[in-house]
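Protein chains in written order, with the numbering used here: chain C, 1 to 315; chain G, 316 to 813.
The hints are simulated quantities; they were obtained by calculation from the structure and are not laboratory data. Be careful, since some hints might not be right.
[To be verified] The calculated lysine-lysine pairs, modelled on DSS-like cross-linking and capped at a C-alpha distance of 30 angstroms, are: (1) K28/C - K766/G; (2) K558/G - K377/G; (3) K54/C - K481/G; (4) K564/G - K54/C; (5) K54/C - K419/G; (6) K377/G - K28/C; (7) K434/G - K703/G; (8) K592/G - K790/G; (9) K647/G - K434/G; (10) K54/C - K703/G; (11) K438/G - K790/G; (12) K54/C - K438/G; (13) K438/G - K592/G; (14) K419/G - K438/G; (15) K790/G - K434/G; (16) K564/G - K790/G; (17) K790/G - K651/G; (18) K790/G - K647/G; (19) K406/G - K481/G; (20) K377/G - K703/G; (21) K124/C - K3/C.
[Claimed, not checked] According to the in silico footprint, chain C covers these stretches of chain G (three or more CB under 8 angstroms from chain C): (22) 489-501; (23) 519-529; (24) 646-654.
These numbers come from a predicted model, not from an experiment. C-beta atoms are modelled at their ideal positions from N, C-alpha and C, and glycine is treated no differently.
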Amino acid sequence: MLKIVLRRLLVAIPTLILVSLIVFSLQKLLPGDPLLTLAGEERDPQVLAFLREKYHLDDPFHIQYLAWLGNVLSGDFGHSLRTGVPVATLIAQKLPVTLQLALMAIVLALLIGIPAGVLSAVRKGTPTDYAANVVALSGVSIPNFWLGIILIMVVSVQWQLLPASGYVPPTENFLQSIRTMLMPSFVLATALAAYLMRHTRSAMLSVLSSDYIRTAKAKGLLPKAVVLKHALRNALMPIVTLTTLLFGELLAGAVLTEQVFTIPGFGKLIVDAVFTRDYAVVQGVVLCAAVGFIFMNLVADILYIVINPRLRHPQ
Amino acid sequence: MKSLKTLVLGAALLASTAAMAADLRIGLQDDPDVLDPHRARTFVGRIVFTSLCDKLVDINEKLEIIPSIATEWSWNDDGTILTMRLRDGAKFHDGTAIDAAAVKANLDRARTDPESLRKSELKSISDIAVVDPATLAITLSGPDAGLLAQLTDRAGMLMSPASFDKDPGQTPVCSGPYKFVERVQNDRIVLEKFQDYWNADQYHFDTITFVPMPDATVRLANLRAGDVDIIERVAPSDLETVKSDASIKLASVTGLGYQAIEVNIANGARADNPLGKDKRLRQALDLAIDRDVINQVVGAGTYQPAYQPFPPASFAHAPDIGSGGRDVERAKALLKEAGYERVPFELTFGNNTIMQQVFELVQAMAAEAGFDISLRPTEFAALQSVLKSGEFEVGQSGWSGRVDPDGNIHQYVSCEGGLNDTKYCNKEVDALLNEARATSDPSARKALYDKAQAILREDMPVIYLFYLPWPFAHKAGIEGFTAYPDGMIRLAGVDLAG
């Protein structure tokens with residue numbers, strides 16, 4: 001097990017370097033000059049020249065990249081061009097927000113998606129199955145920003161039940177924190193739940209038609225025990241993969257949802273950074289998101305072993 | 316039992332917690348940049364500074380200059396020495412006194428710091444002398460009628476000199492009615508009341524929280540849901556909603572800035588286009604555009620038509636300009652005179668819903684006069700480079716506006732102007748604008764600007780479309796809020812009703 005983890009971590013290093021190189025190149029290909037964008041209405045050529053020099057924006061591409069890489073290896077992610085805040089501080093501020101949103105969204109999605117998937121598999125071909133499918137399809141099809149704005153209009157403006165937006169750290173006020181995150185995580189969860197439901201349904205269907213289920217039923221086990229103890233556990237494998245991958249994606253930030261609910265997470269940070277050509281911030285956040293994604297893959301591998309004992313002793 | 320538990324938990328989650336009574340929350344369109352007034356660039360940053368940092372002088376709603384930290388001032392006879400008397404007992408947030416030496420240190424930093432963006436605003440200053448602790452003498456290299464107006468904004472803001480080398484961009488130590496508490500980027504900036512402020516009685520909130528909310532509809536939804544108290548820049552399409560909701564109020568004013576289109580006249584190869592070469596075509600384009608249509612269709616009545624850079628609130632505004640309105644026949648005749656049947660050109664603009672609508676209208680109206688406009692939407696960051704490098708035929712030009720008329724015109728149309736993307740150059744215009752800069756009497760200045768405008772109307776390097784409005788909305792329970800033409804939020808006298 002330790003071997004697997006170590007091997008995975010070693011493979012991750014070239015992946016991360018490649019990711020950072022691609023993002024760095026893409027950013028340089030974008031039209032627009034970060035300093036002109038920053039300067040906005042005030043374009044004092046003297047100041048622009050000074051800042052260009054200060055941030056080494058005139059150096060050749062490979063020098064800029066290597067300098068950045070060298071700094072990162074020594075733990076320095078650089079500073080935001082726009083606000084002068086260290087990128088590491090920004091990541092430390094936004095990561096808990098994004099983590100909380102991702103966690104709440106995935107938990108909600110699991111709570112909705114798996115029971116719905118199991119139910120529609122067990123009751124295949126019944127109105128329950130069709131209804132679950134229609135709901136799942138709408139979950140995937142409804143755009144997040146639209147659902148978000150509608151929810152704000154109804155739940156916050158009309159009914160005044162939940163805060164319309166913002167972020168409260170759970171350490172400051174736990175209840176308020178959950179309340180502010182409820183709508184955004186629900187919006188994110190709708191699409192995720194739909195995926196989970198579809199995958200659970202098909203995995204359950206294939207398991208339910210296998211021989212050992214028939215044997216279990218023949219033994220006279222209760223249908224509930226057959227479905228939950230025997231079938232679901234075996235159907236979980238693809239769902240675990242999907243869940244960890246979805247979670248990994250959430251770690252890169254949910255741009256539209258964050259925008260609508262003005263949540264200060266990774267999505268908003270990176271979009272702002274791209275628009276203002278704040279290179280160091282884009283690099284730092286992408287790198288962090290990539291690490292998160294790779295980590296989630298590792299978690300998936302470990303979970304396989306936990307769920308499926310046969311994988312514990314590979315030949 | 317289980318369902319009862321769920322119900323209780325649900326109810327607890329939904330129960331709204333009462334907000335602190337004396338906290339004022341303001342929804343801004345963007346997240347400000349550094350909070351160092353000498354190095355800051357963003358408009359929303361200026362809104363935060365208005366509560367955070369005192370200035371030497373301020374403006375009232377009529378753009379007249381009023382005392383702030385400087386209580387009295389006078390000019391010598393040839394307008395080259397400005398003597399300022401400072402307020403007695405005013406303090407910085409760290410408790411140190413605001414004396415002439417501290418003011419000098421601030422102005423010197425604004426003039427010399429390598430990252431200061433205020434250098435051009437204070438360019439006319441040649442020397443600053445401390446006469447006594449309460450008196451400052453500012454010597455200019457030549458008369459500069461706009462200097463006082465510059466001191467009403469970031470160039471005249473004061474930070475504690477002790478904080479200069481302690482990263483004021485992250486933790487500003489100013490002297491305004493509110494002092495800095497904390498900032499989380501993209502999330503909030505929190506200020507708390509400065510009890511030793513010289514005018515503290517006029518400020519009725521204990522804390523001010525600025526929250527960046529980029530989407531206008533979301534900003535309004537937050538106001539209607541009660542999560543913020545004041546929002547800036549209500550979208551024109553939302554004005555009806557604001558008016559129909561009794562729990563909120565609209566406070567809108569025509570601002571100092573404008574939206575315009577500029578024609579590449581001499582900036583690189585793309586200046587070689589029909590409009591760049593023949594001023595009659597530029598005049599025709601101006602005549603083809605009906606500003607009232609833009610105002611009604613896109614601005615919902617808040618985009619006051621503009622034919623000149625000076626807003627109605629400015630003394631330099633010439634009301635007669637553009638009173639002729641749209642004239643398609645005259646535009647067609649000008650095209651014919653210039654030898655054209657149809658004139659194709661490309662219009663580059665920063666892509667957003669509003670500007671897309673504006674320029675689609677321009678495209679349709681200009682088509683009637685014989686212009687075939689192809690619209691080229693560009694991402695905003697790229698637009699800046701495109702305009703500066705001359706990679707455009709006709710481009711969008713916008714300016715947030717300045718108190719002194721000089722700030723709305725000189726940099727855009729003078730030969731060496733820092734924001735002159737069209738590279739239009741007319742020595743006569745330069746001479747008039749420079750003379751207006753050095754003249755202190757407003758009516759004499761206006762006469763000079765009138766002359767310059769007559770030439771600019773003829774040459775037409777810039778075609779003005781509308782003045783930018785500053786539509787604020789606030790909870791109906793907030794009293795004393797006034798929208799100022801500079802778009803700032805001044806909280807003196809603003810209070811909760813009852």
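Against the structure, the hints come out as follows:
At most 30 angstroms may separate the alpha-carbon atoms for a hinted pair to count; K28/C and K766/G exceed this at roughly 46 angstroms. Simply put, K558/G and K377/G have alpha-carbon atoms about 26 angstroms apart, close enough for the 30 angstroms limit, and the pair holds. In summary, the hint linking K54/C to K481/G is supported, as the alpha carbons are separated by about 19 angstroms, within the 30 angstroms threshold. A C-alpha spacing of about 46 angstroms is found between K564/G and K54/C, which places the hinted pair above 30 angstroms, so the restraint is violated.
Using a Cα cut-off of 30 angstroms, the hinted pair K54/C and K419/G holds, with the two alpha carbons roughly 27 angstroms apart. A threshold of 30 angstroms between alpha carbons decides the hint, and for K377/G with K28/C the separation of about 46 angstroms lies outside it, so the pair is violated. Our distance criterion of 30 angstroms between C-alpha atoms is met by K434/G and K703/G, whose separation comes to about 20 angstroms. For the given pair, K592/G sits about 52 angstroms from K790/G by alpha-carbon distance, which is inconsistent with the 30 angstroms threshold.
In summary, the hint linking K647/G to K434/G is not supported, as the alpha carbons are separated by about 46 angstroms, beyond the 30 angstroms threshold. Annotation: proposed proximity of K54/C to K703/G holds, straight-line Cα distance about 22 angstroms (limit 30 angstroms). The suggested pairing of K438/G with K790/G is violated, with an alpha-carbon distance near 42 angstroms, which exceeds 30 angstroms. A hinted pair counts as satisfied when its Cα atoms are at most 30 angstroms apart, and K54/C with K438/G qualifies at roughly 24 angstroms.
With a C-alpha separation of about 34 angstroms, the suggested pair K438/G and K592/G falls outside the 30 angstroms cut-off, and the hint is violated. About 15 angstroms separates the Cα atoms of K419/G and K438/G, which keeps this hinted pair within 30 angstroms; it holds. For the hint linking K790/G to K434/G, the alpha-carbon distance of about 39 angstroms lies beyond 30 angstroms, and the restraint is violated. Restraint check: the Cα-Cα separation between K564/G and K790/G comes to about 6 angstroms, which is no more than 30 angstroms; the hinted pair holds.
Straight-line distance between C-alpha atoms of K790/G and K651/G comes to about 55 angstroms, which puts the hinted pair past the 30 angstroms bound. Between the alpha carbons of K790/G and K647/G the distance comes to roughly 50 angstroms, so the proposed pair goes past 30 angstroms and is violated. The straight-line distance between the Cα atoms of K406/G and K481/G is roughly 19 angstroms, inside the 30 angstroms bound, and the hint therefore holds. A distance of roughly 34 angstroms separates the Cα atoms of K377/G and K703/G; the hinted pair therefore is violated under the 30 angstroms criterion.
A C-alpha spacing of about 43 angstroms is found between K124/C and K3/C, which places the hinted pair above 30 angstroms, so the restraint is violated. Three residues within the 8 angstroms Cβ limit are the bar, and the stretch 489-501 of chain G against chain C gives 3, so the coverage statement holds. By the rule of at least three residues with a Cβ nearer than 8 angstroms to a Cβ of chain C, the coverage given for the stretch 519-529 of chain G holds, with 4 such residues. With 0 residues having a Cβ less than 8 angstroms from any Cβ of chain C, the stretch 646-654 of chain G misses the three-residue criterion, and the hint is violated.
The structure does not agree with the numbered hints 1, 4, 6, 8, 9, 11, 13, 15, 17, 18, 20, 21 and 24 stated previously, though it agrees with the rest.
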